[in-house]
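> Okay, here's what each chain looks like letter by letter:
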Amino acid sequence: MMGQERSLSPSTIGELKEIAARYPEARSGLLPMLHLIQSVEGNVTNEGIEICAEILGISAAEVSGVATFYTMYKRRPMGEHHVGVCTNTLCAVMGGDLIFERLKGHLDVGNDETTEDGKVTLEHIECNAACDFAPVMMVNWEFFDNQTPDSAVELVDKLRAGETVQATRGATITSWREAERVLAGFEDGLVDEGPAAAGPSLAGLEIAAERGWTAPSVDEAKVSTGSTGGADATADTKTGAAEQADTSRAESETKLEESPADTAKEGEDD
Amino acid sequence: MTDTLTPVLSADWGTDRAWTLKAYKQAGGYSALETALKMAPDDVIAMVKDSGLRGRGGAGFPTGMKWSFIPQDNPKPKYLVVNADESEPGTCKDIPLMMATPHTLIEGVIIAAHAIRAKTAFIYVRGEVLHVVRRLRAAAREAKEAGYLGTDILGSGIDVELIIHAGAGAYICGEETALLDSLEGRRGQPRLRPPFPAVEGLYASPTVVNNVESIASVPSIVKNGIDWFGSMGTEKSKGYTLYSLSGHVARPGQYEAPLGITLRELLDLGGGMRPGSELKFWTPGGSSTPILTAEHLDIPLDYEGVGAAGSMLGTKALQVFDQTTSVVRCVLRWTEFYKHESCGKCTPCREGTWWLVQTLQRLDEGQGKDGDIELLLDLCENILGRSFCALGDGATSPITSAIQHFRSEFESGLHTPSRELFPPAASTLFAPQTVGGK
Chain Z
1 MMGQERSLSP STIGELKEIA ARYPEARSGL LPMLHLIQSV EGNVTNEGIE ICAEILGISA
61 AEVSGVATFY TMYKRRPMGE HHVGVCTNTL CAVMGGDLIF ERLKGHLDVG NDETTEDGKV
121 TLEHIECNAA CDFAPVMMVN WEFFDNQTPD SAVELVDKLR AGETVQATRG ATITSWREAE
181 RVLAGFEDGL VDEGPAAAGP SLAGLEIAAE RGWTAPSVDE AKVSTGSTGG ADATADTKTG
241 AAEQADTSRA ESETKLEESP ADTAKEGEDD
Chain A
1 MTDTLTPVLS ADWGTDRAWT LKAYKQAGGY SALETALKMA PDDVIAMVKD SGLRGRGGAG
61 FPTGMKWSFI PQDNPKPKYL VVNADESEPG TCKDIPLMMA TPHTLIEGVI IAAHAIRAKT
121 AFIYVRGEVL HVVRRLRAAA REAKEAGYLG TDILGSGIDV ELIIHAGAGA YICGEETALL
181 DSLEGRRGQP RLRPPFPAVE GLYASPTVVN NVESIASVPS IVKNGIDWFG SMGTEKSKGY
241 TLYSLSGHVA RPGQYEAPLG ITLRELLDLG GGMRPGSELK FWTPGGSSTP ILTAEHLDIP
301 LDYEGVGAAG SMLGTKALQV FDQTTSVVRC VLRWTEFYKH ESCGKCTPCR EGTWWLVQTL
361 QRLDEGQGKD GDIELLLDLC ENILGRSFCA LGDGATSPIT SAIQHFRSEF ESGLHTPSRE
421 LFPPAASTLF APQTVGGK
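For the record, the sequence lines run as chains Z and A.
First residue of the first sequence? That's 1 in full-length UniProt numbering, and the numbers climb one at a time after it.
First residue of the second sequence? That's 1 in full-length UniProt numbering, and the numbers climb one at a time after it.
It cannot be assumed that every hint is accurate.
Claimed, not checked - Here are the simulated BS3-like pairs of lysine-lysine, each with C-alpha atoms no more than 30 Å apart in a straight line:
1. A:25 to Z:238
2. Z:222 to A:25
3. Z:17 to A:144
4. Z:255 to A:49
5. Z:222 to A:38
6. A:38 to Z:104
7. Z:238 to A:345
8. Z:222 to A:49
9. A:22 to Z:255
10. A:76 to Z:17
11. A:345 to Z:74
12. Z:238 to A:38
13. A:339 to Z:74
14. Z:238 to A:76
15. Z:255 to A:223
16. Z:222 to A:223
Hints are computed from structural coordinates only; laboratory data are not their basis.
One chain only, chain Z, in its complex shape (with noise of 0.2 Å):
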């Protein structure tokens, strides 16, 4: 790269600093930087790994390790939008599987793969944490929540046409890019959109209202305490916590490392 000319404005490398800047150890911020990375340049490009190496003081390769480690970084041009259908065990049952098998005939793509306009790219992802709304798509990682193969369509459809689009949880959608800067730790002014909560994350919320029900107040507690309260029963040391903790994994490792033995220090790298 070097003596090439470059396309990454004075600006943007600012910001860049301005993120390693952010962390005790520079490095840290290399996860936003190639968050910045991508909204400026659609995709982790060369020259950008070029400049997050310079910048942290580290080989590029190391930046290129990194941003192929993780899925969200991209190193083909990306769409204006992203699409993201969960396929995972739950959402996949529920009709996630329909939904993209639909959606992948409709925009004549394959997953990973951007429409010829230009809009979209259709990606099938993994589990995003709101399996009470399953099926569940993402827009940009905002949250389209309860999709059908039908409702799917006319989603993509609005995107294509530029039409307006607002979260099911969430804002206005944007842009990837845009929304990539956000991930980069640029505040864009949407926070106060969108609900606090919606459906299924008030369902027990709303039965303990109909029903009365609430935690105990301090006073009702201090009369039921003496069968359950205080943490006798609790594990008071760490090999006893590990063995009530639910791997045998936290188990085994803290018998290691308390062990008088060697090995407990082989562990250590670099």
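Using the hints provided, position chain A relative to the given structure of chain Z.
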């Protein structure tokens, strides 16, 4: 006797503009912080330890004890890292919490940082939830402007900086040591333990890594006391927690209840299964916890109860599947996920998940070979406990438990495709017979 549902964390999710500092303060927010800042750090640790709060991210390790492991004589800076990389399939509790009331988490962060004497804290939130990132960042900004973050917090002389850090898409970063590598700007690959993060964590400095819900529970404990917290829950699993109900149920959603409620009780609250549905199998705490069946409807959903039934409480992500669902199809899909998310660091997981997918694909297509079930079990045996981190272990859970409960369905995979036995359209939310489906 406590009520069946006990909303604490979710109590204000229905409030207008609940995410703002104004709404949070109107609901009594940040009063626990004022109390905690007047307490000695060790007293805060003792309080959380004595409350019996156990990690809500899956492992169930006592939170206060984790804090007490930080060697205070170590001259390096101490760090607090909140694991907000919620990605375990089925798990969907931390995201709505951070979307609705991010200040609950931030108040917990400041109290925890004070307790372990950390001047810098991080919330590592997965990148795929844009609006949650917005809400967290705005809340951190508001908290700082109000003097709850930064230097000399509320005149206490205590300093805490909070950095909101968005990830970039990798399930493995939910594993605490992989998360730390990722936060250092590297590929998110797990580290060998020991040393544990408490001794050598972020930047090889003493670090506490806690789940969102664990940290968000702390203000309520400081505010109401350990007797209050212990008046909910069971002997060894104290307090309240968020249960996330999803799948073929009439009313999916978040249900906040004392630990120890049963799936039957939770289902009854929301009107049971969807119309025409019978429970076939369910996960108690995400896809890495062995599946259970209708015979387990009455086990107490606490750490001990689910453990005794041969599974794990995990993240309390109750994914419920009915009789229309092919268990082979589900297990294949989960296994494809683990293969995709395997970081590649260790051989049993990297190669093993690949072979598992190959074998399961055959069975799903009805083209299984004699011995394929034994092959799956043998592969699982060679991954479980032999891989570098819990991802490999988790990958085996759905397979071995599904074969245990539904072996005949895997045997059918020797001759009949799953889609013929269980047409996928019948399972969907928009299937014709589910009148209640929205």
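> Next, verify each hint and record whether it holds.
Hints versus structure:
no.: 1; hint: A:25 to Z:238; in the structure: violated, 37 Å
no.: 2; hint: Z:222 to A:25; in the structure: holds, 26 Å
no.: 3; hint: Z:17 to A:144; in the structure: holds, 22 Å
no.: 4; hint: Z:255 to A:49; in the structure: holds, 21 Å
no.: 5; hint: Z:222 to A:38; in the structure: holds, 24 Å
no.: 6; hint: A:38 to Z:104; in the structure: violated, 59 Å
no.: 7; hint: Z:238 to A:345; in the structure: holds, 28 Å
no.: 8; hint: Z:222 to A:49; in the structure: holds, 19 Å
no.: 9; hint: A:22 to Z:255; in the structure: violated, 47 Å
no.: 10; hint: A:76 to Z:17; in the structure: holds, 25 Å
no.: 11; hint: A:345 to Z:74; in the structure: holds, 22 Å
no.: 12; hint: Z:238 to A:38; in the structure: holds, 28 Å
no.: 13; hint: A:339 to Z:74; in the structure: holds, 20 Å
no.: 14; hint: Z:238 to A:76; in the structure: holds, 23 Å
no.: 15; hint: Z:255 to A:223; in the structure: violated, 35 Å
no.: 16; hint: Z:222 to A:223; in the structure: holds, 14 Å
Violation of the numbered hints given earlier is confined to hints 1, 6, 9, 15; the remaining hints are satisfied by the structure.
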